[in-house]
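Trainee: Sequence:
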Amino acid sequence: MSDAQAAPSWRGVKQEATDEADASVGLRGPSRALLAELIRPWRAWLLFLVGVVVVEAGARLVVPVLVRRVLDDGLTGDAAVLVPSLAMMGVAILVQIVARVVFLRRSGRIGNAILLDLRRRLFAKFQRLDIGFHDNYTSGRAISRMTSDVEAVQELVLQGIDVVIIAVLTIVGSSIIMLTLDWRLALVAFLTYPLLFLVMRWFARASTREFRAVRTRSALVIVQFIETMTGIKAVQAFRREPRSAEIYEQVALDYRDANVRAMRVFARAMPGIQFIGNLGIVLVVLAGGYLAIGGGVSIGTMAAFVLYVRMFFDPMQDLSQFISTLQSALTGLEKISSVMAEEPSVDDPASPTPLVNAPGRVEFDGVSFGYVEGRTVLPDLSLNIPAGQTVALVGTTGAGKTTIAKLVARFYDPQVGSVLLDGVDARRLDDETLRRHVTLLTQENFIFGGSVADNIRFGRPDATRGEVEAAAAAVGAHGFISALPDGYDTDTGKRGSRLSAGQRQLIAFSRVLLADPRVLILDEATSS
2 MSDAQAAPSW RGVKQEATDE ADASVGLRGP SRALLAELIR PWRAWLLFLV GVVVVEAGAR
62 LVVPVLVRRV LDDGLTGDAA VLVPSLAMMG VAILVQIVAR VVFLRRSGRI GNAILLDLRR
122 RLFAKFQRLD IGFHDNYTSG RAISRMTSDV EAVQELVLQG IDVVIIAVLT IVGSSIIMLT
182 LDWRLALVAF LTYPLLFLVM RWFARASTRE FRAVRTRSAL VIVQFIETMT GIKAVQAFRR
242 EPRSAEIYEQ VALDYRDANV RAMRVFARAM PGIQFIGNLG IVLVVLAGGY LAIGGGVSIG
302 TMAAFVLYVR MFFDPMQDLS QFISTLQSAL TGLEKISSVM AEEPSVDDPA SPTPLVNAPG
362 RVEFDGVSFG YVEGRTVLPD LSLNIPAGQT VALVGTTGAG KTTIAKLVAR FYDPQVGSVL
422 LDGVDARRLD DETLRRHVTL LTQENFIFGG SVADNIRFGR PDATRGEVEA AAAAVGAHGF
482 ISALPDGYDT DTGKRGSRLS AGQRQLIAFS RVLLADPRVL ILDEATSS
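The opening residue of the sequence shown carries number 2 in the working numbering; numbering runs sequentially from there.
Keep in mind that the hints were calculated from the coordinates and are not lab data. Be careful, since some hints might not be right.
As the list claims (entries may be wrong) - Label pairs and their in silico Cβ distance ranges:
#1 D319 with V102: 12 to 20 Å
#2 A246 with A125: 31 to 39 Å
#3 A81 with D118: 53 to 61 Å
#4 R110 with V84: 52 to 60 Å
#5 R44 with F239: 50 to 58 Å
#6 K495 with R121: 46 to 54 Å
#7 K495 with S346: 30 to 38 Å
#8 D319 with V82: 32 to 40 Å
Cβ atoms here follow ideal geometry from the backbone N, Cα and C, with glycine treated the same way.
Model the full structure from these sequences, guided by the hints.
Mentor: What follows is the structure in structure tokens.
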């Protein structure tokens, strides 16, 4: 069957851009809840990683103080002062190295575990959502959710611990230590802080806008590529390669331009932060030199201040770079959480009604249905098909034939009236019962990668080899299957690429026959 009205509203690149942009918002309640669920099993290990990062930051903060001691007290040549200070510096550096190795190894395991958990959740959700959702949610967007968005969330969890905690501890710790060493030089160093925070504030705002555009355009590139490759036969049959190339070229150029704008913001901020950091060092050296002339500041103190000022500004650069990661992750997390929050419009009942000895009678009782609100496809349809009867639905394209088939298979529920199977409203049947009794053979004849036998037993995984061969023989497929290189164990290839269209159709019929449903619905291309 074919039903023009069954298709969702036409969706092009502009529509996808709107959908992706609409999803690119800040971190909301559902996103926070999802993130909390993902990290909950790893809270103990994440706290351990926080402790490791604290130890690493502490060891880093100790080094300039030891440098000061070596320069001020060790220049006298007294080994009793110099050797312990150098030894402590070595220990501090070793602690940093060990802490970094421990963090990277453990965080890598945790990050990949979170990645696996999130992908499992998403895959299960995409499978559970009904046909109505998938009619409107393109495969390109789904792939983007499963790949780049999931990986962005992983980076958020791991880099968030590493960058943010080290940055906060280093910034606060270095500021306190500088005040302790010499409050006058500390105030000089602090003169550059307002400039730094102004640059950081501008960068955060500008990067939020630009990196959001990058994520949106990246998703569109994936969507357009998947759409073209999925329909590559139609593209080549109608010689549409130039037009497809033009469309892809446009979305790719938009993606490039978005990246250029984002990098332009980044290129302005990073040199600005470096300049302010170097300015702080220059001011400290000038002020320290002036104070050192009068003996107010030692050489070791000046050296420690230079190191602490540099130590203060380095995390700022890391934080600036993390902002882009943060924006990508928050956008990706929001899009993922929007999928996870979706609930199928066709769901199992809380208390399903069992079907006992059901012969397969189908009834439409005053059914009205439309895919889009305000556009009714089936107005007040009543239909009674006795069990065991063969019925052909004949009508013009768009008359509602495929819609009737989808309602019987409960891909959708009617807005008015009921579809009944052996006197039971289909909404009262659980999915397992419905799929066991009703099968819709679509015109696509989809063949999965794997053996021929596995494809035939797709609806009955527990079927024996004898039952598989009997089903194939009943539809006339046994002969050509036996002639294949490995018979029923022959790999069909991706989407059945190693089989002809007729062979794929026969395997699809064998699959349906083996499943032995009470109600079999053949779409227009397979009904003959």
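Trainee: Which hints, by number, does the structure contradict?
Mentor: Checked against the structure, the hints that fail are numbers 4 and 6, while the rest are satisfied.
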